[in-house]
Structures are given as C-alpha cells and as structure tokens.
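Colleague: Please build the complete structure, drawing on both the sequences and the hints.
Protein chains in written order, with the numbering used here: chain L, 1 to 761; chain H, 1 to 162.
Worth flagging that the hints you see were computed from the coordinates, not collected in a lab.
We put the beta carbon where it would ideally sit given N, CA and C, even for glycine.
Heads up, none of these hints are tricks.
Here are some of the chain L residues that sit facing chain H, going by a computed Cβ distance under 10 Å:
| id | residue |
| --- | --- |
| 1 | G25 |
| 2 | G259 |
| 3 | G490 |
| 4 | I656 |
| 5 | I684 |
| 6 | R692 |
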Amino acid sequence: MAAVTPSRQIGRSIPRLEARGKVTGRTEYVHHLRLPGMLHGKIFRSTIPHGRIKRIDVSAARALEGVHSVVTIEDIRTVIPHPYYGPAFHDQPILADGKVRFAGEPVAVVLAADRRVAEEAVGLITAEYEELPAVHDEVEAATSPVVVHDELKPAATFPDLQHLKGRRGTNVALDYQLLRGDPDAAFASAAHVFEHTFRTQQVMHTPLEPFVAVADVDGGRLTLHTASQNPSFVRIEISRLLGWPENRVRVKVPFLGGGFGGKLYIKLEALVTALSLLARRPVKISLTMDEQFFMVTRHPCTFRIKSAVSAEGRITARECEIWWNGGAYADIGPRVTQKAGFTAAGPYDIENVSIRSYAVYTNRPPAGALRGFGAPQTAWAYECHTDMIAAALGIDQVEFRRRNLLHNGRPQASGTVLRDAALGLVLDHLAARMNWSRPLDRGSGRIRRGRGLAIGFKGITAPTTSVAVVNLYADGSCALYVGTVDMGQGSDTVMAQIAGEVLNIDAEAIRVIHSDTDVTPYDMGTLGSRSTFHMGTAVRLAAEDAKRKIAELARELGLPPGTNVPLDELFRRKYGMQAGNIIGTGSFIPAYEKPDPATGQSANVTPFWGVAGTGAEVEVDTETGEFKVTRLVNVADVGTALNPKLVQAQLSGGAIMQFGFTTSENMTFRDGQLTTNSLADYKIPTLLDIPRDFINEIVESRQESGPFGGKGAGESTTIALSPAVGNAVADAVGVRLTDLPVDAEAVFRALTAAGIAQAQS
Amino acid sequence: MSTARTIRFTLNGSPVSADVMPHETLVDVLQQRFDLRGARESCGQGLCGCCTVIVDSQAVSGCLYLAWFLDGRTVATIESLETAKGLDPVQEAFIEAGAFQCGFCTSGFILMVKQLLDAIPDPSDEDIRHYLAGNLCRCSAYPEILDAVRIAAKRRADAVHS
Numbered sequence: 001m002a003a004v005t006p007s008r009q010i011g012r013s014i015p016r017l018e019a020r021g022k023v024t025g026r027t028e029y030v031h032h033l034r035l036p037g038m039l040h041g042k043i044f045r046s047t048i049p050h051g052r053i054k055r056i057d058v059s060a061a062r063a064l065e066g067v068h069s070v071v072t073i074e075d076i077r078t079v080i081p082h083p084y085y086g087p088a089f090h091d092q093p094i095l096a097d098g099k100v101r102f103a104g105e106p107v108a109v110v111l112a113a114d115r116r117v118a119e120e121a122v123g124l125i126t127a128e129y130e131e132l133p134a135v136h137d138e139v140e141a142a143t144s145p146v147v148v149h150d151e152l153k154p155a156a157t158f159p160d161l162q163h164l165k166g167r168r169g170t171n172v173a174l175d176y177q178l179l180r181g182d183p184d185a186a187f188a189s190a191a192h193v194f195e196h197t198f199r200t201q202q203v204m205h206t207p208l209e210p211f212v213a214v215a216d217v218d219g220g221r222l223t224l225h226t227a228s229q230n231p232s233f234v235r236i237e238i239s240r241l242l243g244w245p246e247n248r249v250r251v252k253v254p255f256l257g258g259g260f261g262g263k264l265y266i267k268l269e270a271l272v273t274a275l276s277l278l279a280r281r282p283v284k285i286s287l288t289m290d291e292q293f294f295m296v297t298r299h300p301c302t303f304r305i306k307s308a309v310s311a312e313g314r315i316t317a318r319e320c321e322i323w324w325n326g327g328a329y330a331d332i333g334p335r336v337t338q339k340a341g342f343t344a345a346g347p348y349d350i351e352n353v354s355i356r357s358y359a360v361y362t363n364r365p366p367a368g369a370l371r372g373f374g375a376p377q378t379a380w381a382y383e384c385h386t387d388m389i390a391a392a393l394g395i396d397q398v399e400f401r402r403r404n405l406l407h408n409g410r411p412q413a414s415g416t417v418l419r420d421a422a423l424g425l426v427l428d429h430l431a432a433r434m435n436w437s438r439p440l441d442r443g444s445g446r447i448r449r450g451r452g453l454a455i456g457f458k459g460i461t462a463p464t465t466s467v468a469v470v471n472l473y474a475d476g477s478c479a480l481y482v483g484t485v486d487m488g489q490g491s492d493t494v495m496a497q498i499a500g501e502v503l504n505i506d507a508e509a510i511r512v513i514h515s516d517t518d519v520t521p522y523d524m525g526t527l528g529s530r531s532t533f534h535m536g537t538a539v540r541l542a543a544e545d546a547k548r549k550i551a552e553l554a555r556e557l558g559l560p561p562g563t564n565v566p567l568d569e570l571f572r573r574k575y576g577m578q579a580g581n582i583i584g585t586g587s588f589i590p591a592y593e594k595p596d597p598a599t600g601q602s603a604n605v606t607p608f609w610g611v612a613g614t615g616a617e618v619e620v621d622t623e624t625g626e627f628k629v630t631r632l633v634n635v636a637d638v639g640t641a642l643n644p645k646l647v648q649a650q651l652s653g654g655a656i657m658q659f660g661f662t663t664s665e666n667m668t669f670r671d672g673q674l675t676t677n678s679l680a681d682y683k684i685p686t687l688l689d690i691p692r693d694f695i696n697e698i699v700e701s702r703q704e705s706g707p708f709g710g711k712g713a714g715e716s717t718t719i720a721l722s723p724a725v726g727n728a729v730a731d732a733v734g735v736r737l738t739d740l741p742v743d744a745e746a747v748f749r750a751l752t753a754a755g756i757a758q759a760q761s
Numbered sequence: 001m002s003t004a005r006t007i008r009f010t011l012n013g014s015p016v017s018a019d020v021m022p023h024e025t026l027v028d029v030l031q032q033r034f035d036l037r038g039a040r041e042s043c044g045q046g047l048c049g050c051c052t053v054i055v056d057s058q059a060v061s062g063c064l065y066l067a068w069f070l071d072g073r074t075v076a077t078i079e080s081l082e083t084a085k086g087l088d089p090v091q092e093a094f095i096e097a098g099a100f101q102c103g104f105c106t107s108g109f110i111l112m113v114k115q116l117l118d119a120i121p122d123p124s125d126e127d128i129r130h131y132l133a134g135n136l137c138r139c140s141a142y143p144e145i146l147d148a149v150r151i152a153a154k155r156r157a158d159a160v161h162s
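Modeller: What follows is the structure, encoded as structure tokens:
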C-alpha cells in the first residue's frame with residue numbers, strides 16, 4: 001500500500017482487467033442469464049407504419065401448449081396505470097396503445113418457459129388495423145398534416161422542453177435555435193454566398209449482444225438484470241412508472257456485448273418489469289438481430305447550410321437548418337438535436353451564426369444516441385460544404401480551413417470560449433500524415449485517385465453527475481464502486497488506473513465492482529465520451545478522500561506525517577485485528593451555464609470539447625463507381641492518453657464503425673417497411689473492408705480540468721470520417737455526393753449524371 | 001411438437017449425451033445442457049461468427065447446426081483451450097495484442113484463428129483477412145486481431161523450432 005516508490009499508473013498500456021474472462025468465453029453477459037422459473041417473452045410487432053388498432057386476436061396463441069400468457073397494453077395497465085416512458089418525452093407506450101406508429105412496433109408479447117414455443121405462438125397472433133397516412137421524411141414531417149403524436153408530452157426532467165407541453169398538431173419535438181452576431185447583414189454584404197443541402201441515412205448500432213433484459217419481481221422488490229449503459233436512469237424511470245421508491249428497484253449490469261449509445265436510457269426494461277409483475281415470475285426478453293433495428297437507430301438528417309465568405313476567403317456568416325428524423329418516439333432525440341445543434345456551424349471562427357435544429361417525429365423506428373450524438377451527421381454537411389467552398393474559390397482545402405479555424409481563447413458559436421481543444425494541432429498533424437504538401441498520383445484511364453480531409457468537434461452533454469466510492473479493506477486491498485458500464489471501451493481498466501495513481505496501487509490489483517444500484521452510487525450514464533472525464537474525476541476525488549482518511553488514521557495512531565507504515569498495519573493497530581474499512585467518496589458535476597433559449601448563448605456550455613480529423617485517399621473505378629479507401633488517417637485530441645493502447649483501440653474502433661456508416665450501412669424502407677433488417681442486407685465492416693493503410697494517432701494535448709489531463713476518446717474518430725471520404729471521392733472524380741452512404745451505386749449514379757460513366761442499358 | 005432423441009458425442013474431450021428436440025441447435029445444447037457460454041448466438045443466420053464451434057475439426061455456425069447431427073461427433077468449444085498448463089498461445093496473443101473490446105465475438109475469433117494457423121502456419125495479411133472475413137467484430141478490434149494472429153503464428157513457429 002504505502003509503497004516507497006510511487007506506482008505510476010497513468011499512461012500505462014495495461015491490458016484490460018477482464019482480459020482472461022473474455023478470451024476464455026467466461027465473461028458474464030445478461031445474454032446468458034437464466035433464473036429458476038424464468039419465462040421468455042417474444043414480441044408480436046406491427047406490420048404497418050401508422051394506424052389504429054381495431055382488433056388483436058390472441059386466442060390461438062393463448063391456446064398453444066406451453067404458452068403461459070399473452071399480454072397486451074390492457075394487461076400492462078393493470079400493473080402500470082400510466083404505461084408511457086422515455087428520457088425526454090413520456091411518449092412511448094410499453095406496448096402499442098390503440099395506435100401503432102412504425103412498422104415493427106411491439107403490440108403484444110407471448111410468455112412461455114420455452115422461447116421457441118413463445119416464438120411459434122407469436123406467429124398465431126393476428127391484428128387488424130385502420131391504416132392512417134404515414135410520414136417518413138424529416139423535412140416533410142416538420143410541416144405535414146400527418147401527425148405522429150396527438151399531443152407532445154415532455155418529461156419533467158427537461159426544463160428546456162416544458163414550453164412544448166400539450167402542444168398539438170405538430171411533429172416537431174424540439175425547436176433549438178442559436179443566434180450570434182448579425183447573419184442577415186453579413187450575408188447582405190458578402191463577397192460570396194454558398195448554399196448546399198446534405199442528407200444522412202438511418203443506421204443502427206448493431207451490438208453483437210442484442211438487447212436483452214431480465215426482470216425479477218419478488219416480494220415488492222424488483223431486480224433488473226439488463227444490458228444497459230444507464231443503470232441509474234433505468235432505476236429512476238422504472239421507479240417513476242411503478243410509483244415505488246428507488247430503493248425497491250435494483251438494477252444490475254455485468255459486461256455489455258457492445259453498446260455504442262444504443263443501450264442508453266430505457267429500452268426493454270419497462271416491458272420486462274410489467275411482464276414480471278403480471279406473471280409473478282422472472283421474465284427475460286432477448287431480441288434477435290433483426291428486432292434490434294426496431295429498438296433504436298441513428299437519426300437520419302437533412303442539413304441546409306449557407307455561408308457568407310469574404311474576398312479574402314474568410315467565412316463571415318453561416319446559417320444552418322437541420323431536421324433530425326427521430327422516428328416514432330423521441331428517445332433522446334431532443335438532446336441530440338440541441339447538443340449537435342450548437343456545434344453545427346463547425347470548428348470555425350465565424351462572427352455571425354444562425355442555427356435552427358428540429359427534432360421531428362416520423363413513422364420510422366425511433367432514433368437516439370449513437371457514438372457522436374449527432375456530431376457525425378453535422379460534420380458530413382459542414383465539412384463537405386467547406387471543401388466545396390474552397391474548391392469554388394480556388395483555395396487549398398487545408399489552407400482554407402487554417403484561415404478559418406477556431407482557436408483556443410476565441411468564442412465558439414454558443415459564446416463559450418474554446419479551451420483545451422487542439423484543433424490547430426490536429427489539422428496540422430493530419431495534413432502532415434496525409435503528405436498534403438506533396439502531389440498525389442492521380443491515376444489514369446478508368447482508375448482515378450483522390451484525397452480529402454475533414455475536421456470536426458463536439459460538445460459534451462452537460463451538466464451531468466458521477467459519484468464513485470473507493471473501499472480500502474483491512475488488508476490494504478482496494479475495490480472501486482462505479483456505475484460506469486464497461487461495454488468494451490475499457491472503463492474498468494482506466495478507472496482502476498486513476499484510483500491506483502492516487503493511492504499508489506497497481507491498477508491490476510484493484511477490484512472494480514460493476515453496476516448494481518443497490519451497491520454502486522449514482523452515475524448519469526456511460527455515454528457521450530463523458531466517463532473518463534466525469535467518472536474519472538469522481539474516482540480521483542474518491543481516492544483522494546480515502547488517502548486523506550488514511551493520513552487521519554495514521555495521525556490518530558500517533559504516527560508522524562508521511563509515515564510508511566503499511567495500511568494493513570494501521571488497521572491492525574486501530575482495531576486490534578484485521579478489521580475495518582476506509583471508504584472514500586467522490587462526487588463530480590462540472591460547472592455549466594444554461595444557454596439562453598432564444599440565442600443559445602452561454603458562457604459555459606460544455607465541460608470539454610471532443611476534437612478529431614480524418615484524411616482519406618481513394619481509388620475510384622470511373623466505369624463502375626466502385627472505390628477503395630486506400631489510406632485512412634485519423635488524428636484526435638483526447639487530452640492525456642491515460643491508457644494509450646485503449647485510446648488507440650477507441651480511435652480505430654470508432655473510425656471503422658463510422659467507415660461502415662459512410663460506405664455500406666443503410667436502413668432502407670419501402671412503404672414504411674424496413675427491408676434491410678438482417679446482417680445479410682445490412683453490411684457492417686469486416687476485416688476485408690479495413691483500409692490497408694490505416695493510421696490512428698493523437699496529438700500532444702492536455703485537458704486541464706480532466707483527471708490527470710484526460711478526457712473522452714470514444715466518439716472522436718466518428719466525427720470527421722464521412723466528409724473526408726466524400727471529399728476524397730469528389731477530389732478523385734469531380735462529382736460531389738451530398739447524401740450518405742457513399743457507396744459504389746451512389747458514385748456510379750453521380751458519375752453517370754455528370755456524363756463521366758456510361759450507364760449500360 | 002416432436003419427441004426428444006438421445007444424442008451421444010464427445011465434448012471437449014469427454015463423452016457426453018443429451019436428450020434434444022429436433023429444433024434445438026448446437027448453441028442451445030451447449031448453453032442449456034452444459035453451461036458452456038463461449039459460443040453465443042448473435043445474428044442467428046450464420047453471418048457473424050459469434051457462435052463458432054469446432055465439430056470434427058471443422059468450424060461450424062452453432063446457431064444453425066442442429067443438435068441431432070452431433071450424434072457420434074467430436075465437439076470442441078472455446079472452453080477447451082484453457083488447460084491446467086494455462087491459456088492457448090492464441091488466447092495469450094489476443095490478450096497481448098488487445099484484440100477485443102466487448103469480448104462478445106472473441107470466442108469465435110480465437111477458434112477461427114486456431115483453424116487458420118492449423119491450415120496456414122505462416123499466413124499473409126491477406127490470408128488472415130480472407131480467413132476471418134466471416135467473423136464480425138462490431139467494436140472493430142480488427143487491427144489488433146491482425147496483430148494477435150501474427151503474434152500467435154510466431155509463437156507457434158517458435159514452439160515448433162525450439
């Protein structure tokens with residue numbers, strides 16, 4: 001414990017603490033959980049995108065041998081009288097309530113001890129609907145007479161949504177606005193004005209452990225075992241639904257088989273809770289891969305961006321209008337709309353900015369948070385737009401960015417002054433790694449080469465709280481109680497390193513206790529790159545508190561300050577035997593100033609900035625539109641890398657995921673029906689898709705307010721990747737794609753439209 | 001429903017039997033009868049590799065392989081790799097390279113890497129990419145998986161030569 005030489009934990013690339021369990025197949029996931037007497041629930045889903053339920057016939061399903069029961073919203077109401085949930089709006093019924101709002105929405109559930117029996121019984125359920133006109137496009141929905149929800153029902157926890165309460169006849173669930181300077185005047189006097197519209201497609205997290213939750217109600221207490229990134233929120237929301245105090249609801253989360261923002265807030269938990277209350281037995285629902293597409297997705301969006309540029313190539317004004325397709329239920333969409341809204345003008349120093357950002361309901365599967373919280377969608381627009389302006393003005397793309405880049409000490413569009421955001425370093429490092437000053441071999445004949453880059457940033461959800469507990473046992477060993485969920489990012493390891501750094505203990509020797517709301521203290525959630533900064537700080541504070549208490553104990557025992565008597569010996573002297581604990585606690589909420597609702601201005605809108613840039617080199621076949629990204633470079637500012645190897649894994653993992661969202665993944669719909677809900681049709685990257693030359697690096701940086709200089713890393717490389725690829729394709733063949741994904745078909749169509757490729761009839 | 005049938009097979013070196021229904025898969029049987037969790041159903045279509053199991057020296061998708069067909073066969077799962085002597089060199093290489101994040105796909109990858117190295121002891125990067133193209137890792141630990149295969153190949157070669 002009281003090692004003579006300090007044990008430096010920060011900056012060590014130690015393997016994940018749980019590595020052995022993961023390579024031997026023994027790691028615990030909710031996926032595997034079976035409880036005695038447990039029933040399996042299988043979901044009957046809506047086959048139409050919008051309609052009133054006329055009749056649900058469950059008689060044949062109920063009659064099937066082995067079926068325990070079939071449940072609809074009428075049954076749910078007997079145990080949860082107001083069965084509507086959600087983090088921002090209480091808009092989502094536990095099962096469809098009189099109406100269905102997207103094809104794939106849960107309508108009824110069959111319970112059976114054998115999940116195959118439940119599955120068979122689902123096939124015996126029939127439903128009749130009165131079909132209603134549906135709206136699928138976000139821009140159309142913003143003004144459509146087709147209304148998805150009769151009335152808006154914001155949750156009380158979001159003060160900035162309260163003005164929407166009771167609003168009727170609209171699909172707009174949040175109308176965020178920001179105004180800085182005088183954009184109208186700047187546009188009127190501009191040397192150049194550019195305006196473009198960009199679109200992104202609907203994509204899905206695709207964690208390989210599909211959504212799963214188990215509820216076990218016993219004697220007025222509920223235990224939820226759930227693959228959730230948000231145990232504290234689950235407890236709060238379930239307590240609200242049941243009208244129970246928080247201490248009757250226990251939420252336990254082991255490891256997650258991937259999350260990426262999907263397993264946030266509340267998903268299957270309300271449903272399994274209601275089912276367990278009804279059946280008075282443990283109930284498990286495990287979604288199949290195809291069902292995951294109906295749970296939560298990433299917002300498609302339409303982004304109209306307009307810039308005023310001076311004769312010297314300085315951006316003097318920017319106007320952004322963004323419509324976020326939130327699908328049938330708001331989930332956390334209003335927060336995405338706002339958080340991605342305030343950075344939508346990009347990482348540039350622009351005096352006059354106007355941003356309007358709308359969360360819009362449609363008859364599609366719901367959208368929520370996905371690794372970047374909207375930042376990747378906005379960067380697709382502003383960084384393609386940046387290149388288009390540079391090209392039109394004949395200015396080199398890097399030079400144009402340098403001329404306009406936002407630097408530390410200057411106010412961002414929200415008025416918050418940029419701090420510890422290494423935008424300039426990232427751009428310079430990226431340009432160097434891309435050999436930007438050297439000409440590129442552009443190819444000849446049908447194969448043409450090009451390169452592109454992009455840079456972006458994001459704000460962090462604020463204000464949010466993390467609480468941590470350090471427990472020192474009588475033998476001097478240490479356990480750490482944190483609600484941060486390790487879903488693969490390596491948070492257990494990094495939190496142990498932070499505690500170990502303070503307490504001079506090797507991280508490998510620290511036991512990290514996983515989320516169990518009966519034991520682990522509050523954490524707002526494992527989301528939005530916040531854990532290293534927020535929970536990391538809480539852990540540092542908890543460890544420092546424990547350290548102070550060790551010193552107090554030594555003083556109490558009459559030992560001189562700085563004594564090297566080991567902790568186990570201190571305990572023995574105090575209690576006369578191996579006994580007792582020292583409990584250190586830490587609670588952290590960063591400073592924050594609520595933005596002005598009319599102008600979005602705030603002196604402190606985010607605790608830190610996520611910053612990254614991406615460069616891509618591509619080879620395009622001008623006859624077929626097929627292309628290869630031959631080189632992919634990602635550069636990020638993550639502050640101090642607390643565990644460089646884990647940082648590297650986050651950078652490359654985020655980049656590859658976004659590479660899928662850029663080049664192959666696309667949820668496509670026909671008449672409101674999803675046609676790609678299987679891995680056969682929805683292609684996530686494989687080893688064959690990874691660019692052969694793939695570089696991920698960080699710049700020298702430090703987040704002064706972060707634990708040991710650290711900040712979040714997990715989302716950074718998702719931000720600027722798509723526009724880098726789009727810009728590279730445009731550079732190679734001279735056609736500009738404004739819609740994601742950039743795939744061979746889209747490139748071919750654009751080449752054909754430009755008269756470069758010949759369409760074969 | 002049809003009736004169960006008794007199958008007998010060798011599981012990780014030991015003779016076993018189980019009464020299984022015609023619709024039950026290899027993964028069902030491993031998880032529910034033998035509490036072996038390493039092979040996991042994810043996509044349910046044989047496209048992701050999370051459920052990879054070795055049957056008579058062939059890698060199969062455990063989510064599609066009907067348990068009845070196991071009768072008389074020899075099955076090896078990820079759980080067979082750790083012995084009293086410790087981890088398999090491929091498992092050690094995965095830890096050393098950091099070749100996983102959430103770990104859900106890892107069992108399948110490790111078993112496929114063993115198959116790969118049995119077939120091609122000194123694989124090129126393209127060999128590795130093609131051989132492992134049927135295993136998906138959504139956390140995208142792919143660069144580290146490539147490293148792990150190189151490390152494991154070298155370890156196995158060193159072990160043969162020493």
